[in-house]
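Respectively, the protein sequence lines represent chains A and B. Residues in the first sequence are numbered consecutively from 1, following my numbering. Residues in the second sequence are numbered consecutively from 1, following my numbering.
No wet-lab data here; the hints were simulated from the structure. Computed from a prediction, not measured in an experiment: that's the story for all the values here. The C-beta atom is built at its ideal place from N, Cα and C for all residues, glycine as well. Among the hints, erroneous ones may be present.
[As the list claims (entries may be wrong)] Restricting the straight-line Cα-Cα distance to at most 27 Å, the calculated cross-link-like pairs of lysine-lysine (DSS-like) are:
| hint | chain 1 | residue 1 | chain 2 | residue 2 |
| --- | --- | --- | --- | --- |
| 1 | B | K3 | A | K57 |
| 2 | A | K57 | B | K112 |
| 3 | B | K69 | B | K3 |
| 4 | B | K52 | B | K112 |
| 5 | B | K69 | A | K11 |
| 6 | A | K57 | A | K11 |
| 7 | B | K69 | B | K52 |
| 8 | A | K14 | A | K78 |
| 9 | B | K105 | B | K3 |
[Unchecked claim] One-sided excerpt, in silico: chain A residues whose CB lies under 7 Å from chain B:
| hint | residue |
| --- | --- |
| 10 | F45 |
| 11 | L91 |
| 12 | D109 |
[As the list claims (entries may be wrong)] To be clear about the criterion: a stretch of chain B counts as covered by chain A if any three or more of its residues have a C-beta under 8 Å from a C-beta of chain A, and this derived list gives those stretches:
| hint | segment |
| --- | --- |
| 13 | 53 to 59 |
| 14 | 99 to 112 |
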Amino acid sequence: GAGVSQSPRYKVAKRGQDVALRCDPISGHVSLFWYQQALGQGPEFLTYFQNEAQLDKSGLPSDRFFAERPEGSVSTLKIQRTQQEDSAVYLCASSLAQGASNQPQHFGDGTRLSIL
Amino acid sequence: DAKTTQPPSMDCAEGRAANLPCNHSTISGNEYVYWYRQIHSQGPQYIIHGLKNNETNEMASLIITEDRKSSTLILPHATLRDTAVYYCIVRVATWGSQGNLIFGKGTKLSVKP
């Protein structure tokens with residue numbers, strides 16, 4: 001079946017522009033996670049949704065980062081007034097059940113964001 | 001901080017078994033051991049996970065020591081396509097816990113012809 005889909009795959013923006021990154025999770029998956037991966041590093045947690053509720057946003061690096069999942073399916077990560085340090089790969093993952101519950105997370109291939 | 005320790009890199013000959021070690025000496029009783037891998041320019045791919053018992057699936061085997069302080073991921077017949085960074089992660093798995101993954105630096109496995 002279809003996996004987690006992210007778009008765009010690549011995004012180039014000028015410093016100061018706003019960007020929006022989209023994640024289509026696996027159909028029926030309750031939990032959705034966003035991660036940020038800097039070059040040469042492992043992914044780092046940004047935020048977590050259970051259905052439409054954003055239960056944890058402790059990993060968002062600043063108030064310029066905003067995520068939503070209004071209908072409990074598709075999620076959008078928005079970055080306002082982008083800065084060069086925002087350049088990274090942004091990964092989305094979904095899992096079937098609430099929280100951990102012994103269910104693996106399945107990842108998309110990410111959006112590579114480059115800020116000039 | 002990641003709760004696991006892995007060697008930064010390993011080599012393996014094509015067709016041979018690849019054995020990737022992981023130390024997780026502070027693992028708690030309610031934490032699973034998960035393995036993911038990440039091939040260049042792709043997202044992390046789930047491989048296998050376990051709590052106490054050894055596990056096997058179509059991709060790999062997971063061997064967990066009796067004291068649960070370390071584990072080994074085994075790729076029985078490595079191919080060039082198995083070249084990737086392999087992440088060992090311990091993850092709380094109780095109902096109601098969030099379960100976000102904490103990645104370390106992983107092991108870069110290079111499978112050579």
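Cross-check of the supplied hints:
For the given pair, K3/B sits about 21 Å from K57/A by alpha-carbon distance, which is consistent with the 27 Å threshold. Among the hinted pairs, K57/A with K112/B is inconsistent with the structure: their alpha-carbon atoms are about 42 Å apart, more than 27 Å. A distance of roughly 11 Å separates the Cα atoms of K69/B and K3/B; the hinted pair therefore holds under the 27 Å criterion. About 32 Å separates the Cα atoms of K52/B and K112/B, which puts this hinted pair outside 27 Å; it is violated.
As the CA atoms of K69/B and K11/A are separated by approximately 42 Å, the hinted pair breaks the 27 Å bound. Between K57/A and K11/A the alpha-carbon distance is near 23 Å, which keeps this suggested pair within the 27 Å criterion. With a CA separation close to 10 Å, the supplied pair K69/B and K52/B stays within the 27 Å bound. This hinted pair checks out: K14/A and K78/A have alpha carbons roughly 15 Å apart, not beyond 27 Å.
Taking the CA atoms of K105/B and K3/B, the gap is about 11 Å. The hint holds against a cut of 27 Å. Given the 7 Å rule on beta carbons, the hint for F45/A holds: about 4 Å separates it from the nearest Cβ of chain B. Interface hint at L91/A: satisfied, since its Cβ lies 5 Å from the closest Cβ of chain B, which is below the 7 Å cut-off. Because the beta carbon of D109/A sits about 5 Å from the nearest beta carbon in chain B, less than 7 Å, this interface hint is met.
Only when three residues or more bring their CB closer than 8 Å to a CB of chain A does the claim for the segment 53 to 59 of chain B stand; here the count is 0, and the claim is violated. Coverage of the segment 99 to 112 of chain B by chain A holds in this model, with 8 residues showing a Cβ closer than 8 Å to a Cβ of that chain against a need of three.
Violated hints for the displayed structure, listed by number in ascending order: 2, 4, 5, 13.
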